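Now for the letters of each chain:
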Amino acid sequence: MGVFSTQVAALAARSVLKTARQPAVMVSALLFPMLFFAINANGLDAASRIPGFPTDSYLDFAFAFPLVQASLFGAITAGSDLARDIESGFFDRLSLTPMRPVALLMGMLFGVIALGLLQGVVFLIVGFLFGVDVKSGLAGMVVLVGLTILVALGFGAIGATLALRTGSVEAVESAFPLFFVAIFLSSINLPRDLIEADWFRFIATVNPISYLVEGIRSLVITGWDAQALALGFGCALGILTLALAAAGTSLRTRIAR
Amino acid sequence: MTAGTYGGFFAVAGAVAWRQTYKYFRNPAFLAPALFPLFFFVAFAGGLTRVGSVPGFDYAAGYTAFQFVWALLQAVSMGGAFTGFSIAGDFENGFSRRLMLAASNRRGIVLGYVLASIARAVFTATLVTVLALVIGMRISGGYDLFGLIGLVLLANVAATLFGAGVAMLMRTQQAGPVIRTPIFIVLFLAPVFVPLPLLNGWLRTVASINPFTTILDAARGFLAGQPENVLPAFGIGLALVVVFAGWALYALRRAEKAGS
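In the order they appear, the protein sequences are chains B and C.
My numbering applies: residue 4 is where the first sequence begins, and numbers increase by one.
My numbering applies: residue 762 is where the second sequence begins, and numbers increase by one.
Okay, chain C solo, but in the shape it has when bound (with noise of 0.2 Å):
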């Protein structure tokens, strides 16, 4: 790419992520996707407290961090996946095709999508946040801090491309339940209520396979102050984001050619 191309490619980019997030922040329904995961949060936070007693339940930081971190990984997740909803919007009223006419470099839309919901993602995570601690969460990390929020901002681009990629293959709002519904067994599929080695049956065997679950373990780690996985968390991330781009750009090259 030319300087030229670089330019435009970052200016499409910084303008799709600014009309985006102007969009989001004048409509309430941005909020939704931090309804769920702050009702689940505090159903299975407070409902399910006495589970954190369990023999075996080893978290340092307590049931309702151990279940903080899980909600606010599904409350970002969720939050790409509405993004892949939005762009299934503007394809389906046209705004899409008109986009694409006059985007020098067409890549910078899939950036500016994303970067649009790393803003919705960083709200609803203090959204989430602010919740737990006033509900009595208690945070021992440190530093480790900064390690979970780098995962919940690479778990946040991952569904991000990827409901950006569905949405620009099929083009219309029925992508809904195709982009929410795979992310949503992942996230489900993982060790939700309990750790790994309290898990039983089918739900063990699958979720220790679930690439989610290394993610959401280093998470909690770096909650408690005891970071581990580390670098196969940061791995998986990052693999996932490499991956989920190429299928948006793919996705982007499909749009292109339909002419949408």
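Just chain B, with the same shape it has in the complex (with noise of 0.2 Å):
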């Protein structure tokens, strides 16, 4: 294993173990967004009895929900975690050793992955439990669980780049509010075509979210779905893209300080 790696690897352990022995977070990052679907799935079930609406189960159209909205929290929780270490000055003594700042990153983000593949793991049992069906079966569960993952790491990645710009739990903390209405303003609740209000369903089309929602959704409940899932994949490689190059650039001028 070189150097570099074995950095990662280090401080990945460090960050899935910070994580772990916080049972707030492995709480909240469970069960908030298993109860948010609880109660979407039961007090919006008569949706599905408007005339198009995709499927007749709104369990498994809102299946996607929880998913997207333990991302969130997981971005949250990594970018306080390194907020903290730039705080607490360990972000600072980890600079004047041999170790590269990129590896914290790195390893933050592998924490991301960690905690992003538990979720999507145990909200794929709890969902199982609750009678949501995979159309696409156990090839679509491991394709979803990828995505839940790249989703993940996308917003942790903001998360990231957040704590490098601002090095303020606070700050990262107080984006959580524009994160959950990034979640609302998007086809998390109705498919776009349902959406009544004009000014309303642009937001949700051009809102990026949208389309991870839906990519994660038609492997529930239309099956393999070609223009969804590259729609889905497309906009979480770009998201993903944009906020490491994004995290790159505030890593660099956090050290250059």
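In case anyone wonders, no lab produced these hints; they're calculated from the structure.
Some clues are possibly wrong.
Claimed, not checked - Only part of the chain B face toward chain C is listed, based on derived beta-carbon distances under 10 Å: (1) D48; (2) I53; (3) P54; (4) V172; (5) A174; (6) A178; (7) V184; (8) F187; (9) S190; (10) F236.
Keep in mind the model is a prediction, meaning the values are calculated, not measured.
We treat Cβ as the ideally placed atom computed from N, Cα and C, and that holds for glycine.
Take the two lone chains, each set in its own frame, and fit them into one complex as the hints suggest.
Following this line, the structure appears as structure tokens:
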């Protein structure tokens, strides 16, 4: 194993352990998305009676919600952890060692992957117990977890950028409502063609989160929809690339200070 | 209580209310309790309008008004919760200790916080209402709107007293989630998106025994000009105020004993 990969592995293990040792974070990351899912699925079940609704089960339709929301929680957690490392001086001490600061960023992102994987698997199991029927089968579940991890990585890189730019836990935490707003102003609750208000449909159409949601959702309610998956993976990769570029720039700026 | 202690009670309440209201309106963060309800209102009323055409959805004032009432009650209830956060902050920074030493009648402190919370609720409720009217909400109720305002005030006072009780028991800002989470859960375990008969599964069962559902239904009835469950709703609202007033006074006594 090369020196760099050893550094990344050590910091990834630290990132995973840090998250695992905070029961409140784990509970928030797993419980709150499931609670919202359970409430939405039962509260909006009547929406599946709207003519043109793509499935007769709102439970299946809503299953993308906990996965995307969980990715958001993961991003805030990871961003806050990195900001805490900056606030506590750990980042500065690390800069004085031969360890490359980029390893810290990558280690943190591996922590995001681990949390995303855990969330994806737990939600699939709980969804299965609730009666969610994934039309794309076992292979689709694997792709679904893969896309969820990619989404989590994208959000995680945004969280890292915020942490590196501000160096403040409070600033990262205060971004939470913005992420939350972005999720709700998408096609998360209804398909875009069934959104009646023009202004809302426009926002949902230009909001990339709609395509992440629709990509994940297509695996559950449709099966294999090439267009939805291409758009979902395309948007996830686009967000990840842009966010990583921004995080890299922020990292260089912070090291130069 | 003698005339003197009554005087002390109201003087303390007035002073605390004035200080707290002044503090709110000098800090832009006082709008925070309104932000999430405003956002949920925009997201639900804007994104879910088509749900209003589902068979069985028979709310006369339309889907925007249906969502408005929930957002309004959420805004004032969260306003009450945020007052609890302020009280916890006052304990943490030592202000409450000085306040308790100075107050001739400490029960007035609780009333003062409640009055300030009402002032804040009036402002945030106005904000939510203006936004609702801007995005095209229809109001069918006439004098019934006074009933809606009455229920909104009861919800605010009950949430404030609950938050005050938790804050005075814990006396740390870490009380935040303990105050916020139960209120949030009670608000969501109600007919948020569709009327009770259209809810499904366990949520329908929970919503039907959730006392907040009765208040929400009555408030929606007032807005649509078709009042329903008025007595039970006001009864529940008043009962919550009485119970949480007892809870807040108990917490006050605990804070006194702890010497905060």
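Q) Any of the earlier hints contradicted here, and which numbers? A) 4, 5, 6, 10
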